[in-house]
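> If you want the building blocks of each chain, they are given just below.
2 protein chains.
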Amino acid sequence: MSPESRIGVVGATGAVGTLTLQLLAERGYREVRAFASARSTGRTVRFGREELPVEAATPEALGSAGLDLCLFSVGASASRELVPGATRAGVLCIDKSSAFRLEEGVPLVVPEVNGERALEHDGIVANPNCCAIPLACVLKPLAEAAGIRALRIATYQSVSGAGAQSMERLRAQDPAGGNLGMDWDFDGEELEEETKLREETRKILELPELRISATCVRVPVLVGHAEAVWLETEEDLSPEAARALLDEAPGVRLAELPTPREAAGGDDVLVGRIRRDPAARHGLALWLVCDNLRKGAALNAIQIAELLLAPRPIAAR
Amino acid sequence: MSPESRIGVVGATGAVGTLTLQLLAERGYREVRAFASARSTGRTVRFGREELPVEAATPEALGSAGLDLCLFSVGASASRELVPGATRAGVLCIDKSSAFRLEEGVPLVVPEVNGERALEHDGIVANPNCCAIPLACVLKPLAEAAGIRALRIATYQSVSGAGAQSMERLRAQDPAGGNLGMDWDFDGEELEEETKLREETRKILELPELRISATCVRVPVLVGHAEAVWLETEEDLSPEAARALLDEAPGVRLAELPTPREAAGGDDVLVGRIRRDPAARHGLALWLVCDNLRKGAALNAIQIAELLLAPRPIAAR
Numbered sequence: 001m002s003p004e005s006r007i008g009v010v011g012a013t014g015a016v017g018t019l020t021l022q023l024l025a026e027r028g029y030r031e032v033r034a035f036a037s038a039r040s041t042g043r044t045v046r047f048g049r050e051e052l053p054v055e056a057a058t059p060e061a062l063g064s065a066g067l068d069l070c071l072f073s074v075g076a077s078a079s080r081e082l083v084p085g086a087t088r089a090g091v092l093c094i095d096k097s098s099a100f101r102l103e104e105g106v107p108l109v110v111p112e113v114n115g116e117r118a119l120e121h122d123g124i125v126a127n128p129n130c131c132a133i134p135l136a137c138v139l140k141p142l143a144e145a146a147g148i149r150a151l152r153i154a155t156y157q158s159v160s161g162a163g164a165q166s167m168e169r170l171r172a173q174d175p176a177g178g179n180l181g182m183d184w185d186f187d188g189e190e191l192e193e194e195t196k197l198r199e200e201t202r203k204i205l206e207l208p209e210l211r212i213s214a215t216c217v218r219v220p221v222l223v224g225h226a227e228a229v230w231l232e233t234e235e236d237l238s239p240e241a242a243r244a245l246l247d248e249a250p251g252v253r254l255a256e257l258p259t260p261r262e263a264a265g266g267d268d269v270l271v272g273r274i275r276r277d278p279a280a281r282h283g284l285a286l287w288l289v290c291d292n293l294r295k296g297a298a299l300n301a302i303q304i305a306e307l308l309l310a311p312r313p314i315a316a317r
Numbered sequence: 001m002s003p004e005s006r007i008g009v010v011g012a013t014g015a016v017g018t019l020t021l022q023l024l025a026e027r028g029y030r031e032v033r034a035f036a037s038a039r040s041t042g043r044t045v046r047f048g049r050e051e052l053p054v055e056a057a058t059p060e061a062l063g064s065a066g067l068d069l070c071l072f073s074v075g076a077s078a079s080r081e082l083v084p085g086a087t088r089a090g091v092l093c094i095d096k097s098s099a100f101r102l103e104e105g106v107p108l109v110v111p112e113v114n115g116e117r118a119l120e121h122d123g124i125v126a127n128p129n130c131c132a133i134p135l136a137c138v139l140k141p142l143a144e145a146a147g148i149r150a151l152r153i154a155t156y157q158s159v160s161g162a163g164a165q166s167m168e169r170l171r172a173q174d175p176a177g178g179n180l181g182m183d184w185d186f187d188g189e190e191l192e193e194e195t196k197l198r199e200e201t202r203k204i205l206e207l208p209e210l211r212i213s214a215t216c217v218r219v220p221v222l223v224g225h226a227e228a229v230w231l232e233t234e235e236d237l238s239p240e241a242a243r244a245l246l247d248e249a250p251g252v253r254l255a256e257l258p259t260p261r262e263a264a265g266g267d268d269v270l271v272g273r274i275r276r277d278p279a280a281r282h283g284l285a286l287w288l289v290c291d292n293l294r295k296g297a298a299l300n301a302i303q304i305a306e307l308l309l310a311p312r313p314i315a316a317r
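Protein chains in written order, with our numbering: chain A, 1 to 317; chain B, 1 to 317.
Hints are computed from structural coordinates only; laboratory data are not their basis.
Fair warning: there could be bad hints in the mix.
If you anchor each label on the Cβ, the simulated ranges turn out as follows [unchecked claim]:
#1 B:R169 x A:R88: 53 to 63 Å
#2 A:R243 x B:G177: 26 to 36 Å
#3 B:R39 x A:R49: 52 to 62 Å
#4 B:A241 x A:P278: 26 to 36 Å
#5 A:E234 x B:R46: 56 to 66 Å
#6 B:Q165 x A:D185: 47 to 57 Å
#7 A:S77 x B:A244: 36 to 46 Å
Backbone N, C-alpha and C fix where the C-beta goes; we use that ideal spot for every residue, glycine too.
Let the hints inform the model, and build the full structure from the sequences given.
This is the structure in structure tokens:
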């Protein structure tokens with residue numbers, strides 16, 4: 001994107017939308033407009049040193065606002081309603097909901113992992129789930145080096161992943177009342193979050209048959225998602241070799257015992273505890289953490305936008 | 001034990017010691033004395049409707065107090081100092097620290113799993129780590145039915161596992177400051193807690209070669225430890241068959257999405273989310289939670305004591 005790109009931020013009053021505005025201001029964008037549901041119109045939101053009025057997000061408003069690109073951080077049903085109105089008017093849409101992620105023809109993009117796929121879009125690029133993004137950043141170099149046969153993942157997901165209201169509830173609660181939760185739709189076998197993590201990881205890594213078993217858990221932490229990961233590889237990969245690959249991987253930083261507090265506010269995926277998994281013939285265990293609002297959502301979407309609006313010839317534009 | 005058994009509670013002012021006194025009172029024991037480090041003498045501790053004076057725990061005091069049995073909930077170095085004084089005087093010692101757990105000739109006991117081993121003691125019975133106990137309760141019937149080849153475990157351990165002071169720190173903290181932690185000794189490869197969990201699980205289940213990979217994590221929850229578990233079995237075991245076995249397992253209760261809050265204050269290990277692990281040829285994933293202060297510590301130790309002091313002929317007494 002250039003500073004002149006006209007950008008709409010939809011869902012501008014939420015946890016991810018607020019951070020999206022902050023990151024756009026920090027990066028020097030000037031032509032930014034804020035949209036949210038009708039009940040937020042009349043409010044303003046912070047954009048650098050300015051306050052932007054919140055405009056009502058309707059398909060018509062988004063289509064007629066003269067935007068180059070729209071960043072959506074709203075729920076899947078709102079995205080399904082709003083995104084087509086914007087794409088019809090030629091506005092490039094980066095959608096952070098699950099609405100389009102698995103649709104054929106919609107690239108699902110982590111720039112460090114499969115950025116080239118973003119260029120194949122037909123008006124929509126989807127931003128993956130907040131656990132799938134850091135996982136893909138870490139797995140990509142390992143998969144290229146040794147192949148991945150199977151994955152087991154236990155997540156430790158902060159409440160900010162459930163939105164600004166959940167953050168307020170955690171802030172207001174007695175710390176002794178902290179609990180673990182599994183606050184996602186449950187079909188009796190699997191949480192919806194686990195299905196997303198599996199299907200999206202397969203799509204991003206382009207390994208459609210990859211065997212993945214995930215257990216997703218909400219923890220009483222404000223910001224920062226962590227994942228305990230076991231990966232079985234096709235060929236042997238030593239912890240030292242994996243560490244060397246990850247030390248070179250874009251967007252990834254090695255750390256000894258990384259925590260959400262260490263990751264929060266930063267752009268990197270922190271990875272540590274890389275060791276052999278004695279339970280597998282060829283396997284590694286590792287631990288990763290990232291700021292779920294930044295690399296897990298707002299930052300990744302802006303990085304996609306910057307790939308697409310780069311000041312260079314882009315095939316799909 | 002009979003109500004007349006003379007029981008010493010060592011570490012009586014700590015989180016587990018306090019609960020041990022409560023459980024002994026609830027179970028009708030009357031001849032109970034409380035011991036702690038010298039700096040706590042002069043204080044009293046609650047025992048049912050009474051207050052007991054805290055006596056200084058020294059090897060001599062424990063050996064000369066006319067006790068039948070002593071329940072130790074102190075650190076490993078204090079146990080190493082105190083337990084021999086008591087055993088020399090013929091006091092049966094149930095030790096909750098890691099001091100003797102892996103020693104040959106010291107039974108490491110979960111009554112529902114290997115209670116018969118308790119009878120082989122030579123003065124000391126060890127109580128396992130707070131994550132190893134519920135894990136063994138759940139794995140035992142599955143191992144008997146299908147054999148276990150390998151285990152992967154991610155823990156979600158509450159701060160009460162780190163003692164009363166950690167509980168106070170969590171109570172005093174801003175909820176927004178919650179973080180994950182790995183507050184155990186770290187050798188650069190593995191946390192001491194993970195080594196314990198592996199070695200103790202092998203000893204309890206009498207599977208000395210069992211391949212186990214664990215990632216242990218502290219979560220900002222007051223009471224209740226949870227574990228996401230993947231087990232590879234020798235033979236096929238369907239989730240339905242596993243559920244039926246666990247429904248019959250002593251000390252275990254099936255639940256759909258059990259949480260620490262649901263487990264806290266109860267005696268059962270709650271287990272749910274039993275499903276196939278698509279990453280293994282024969283494998284299951286499951287999720288378990290238990291009150292780490294009760295079944296994970298104080299209750300399990302009292303159950304061991306009750307096995308040993310049962311009003312029936314006991315070989316090793």
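> Range first: 53 to 63 Å. Now tell me if the beta carbons of R169 (chain B) and R88 (chain A) are that far apart.
About 55 Å separates the Cβ atoms of R169 (chain B) and R88 (chain A), which means 53 to 63 Å holds.
> With 26 to 36 Å as the target window, see if R243 (chain A) and G177 (chain B) comply at their CB atoms.
For G177 (chain B) against R243 (chain A), whose Cβ atoms are near 31 Å apart, the range 26 to 36 Å holds.
> Indicate whether the distance between the beta carbons of R39 (chain B) and R49 (chain A) respects the range 52 to 62 Å.
Because 56 Å falls inside the window, the suggested range holds.
> Cβ-Cβ distance between E234 (chain A) and R46 (chain B): within 56 to 66 Å?
59 Å, holds
> Taking the Cβ atom of A241 (chain B) and the Cβ atom of P278 (chain A), is their distance within the range 26 to 36 Å?
27 Å, holds
> Do the beta carbons of Q165 (chain B) and D185 (chain A) sit within 47 to 57 Å of each other?
39 Å, violated
> Can the suggested window of 36 to 46 Å be confirmed for the beta-carbon pair S77 (chain A) and A244 (chain B)?
Holds: the Cβ-Cβ distance is about 39 Å, inside 36 to 46 Å.
The structure fails to meet hint 6 from the earlier list, while all remaining hints are met.
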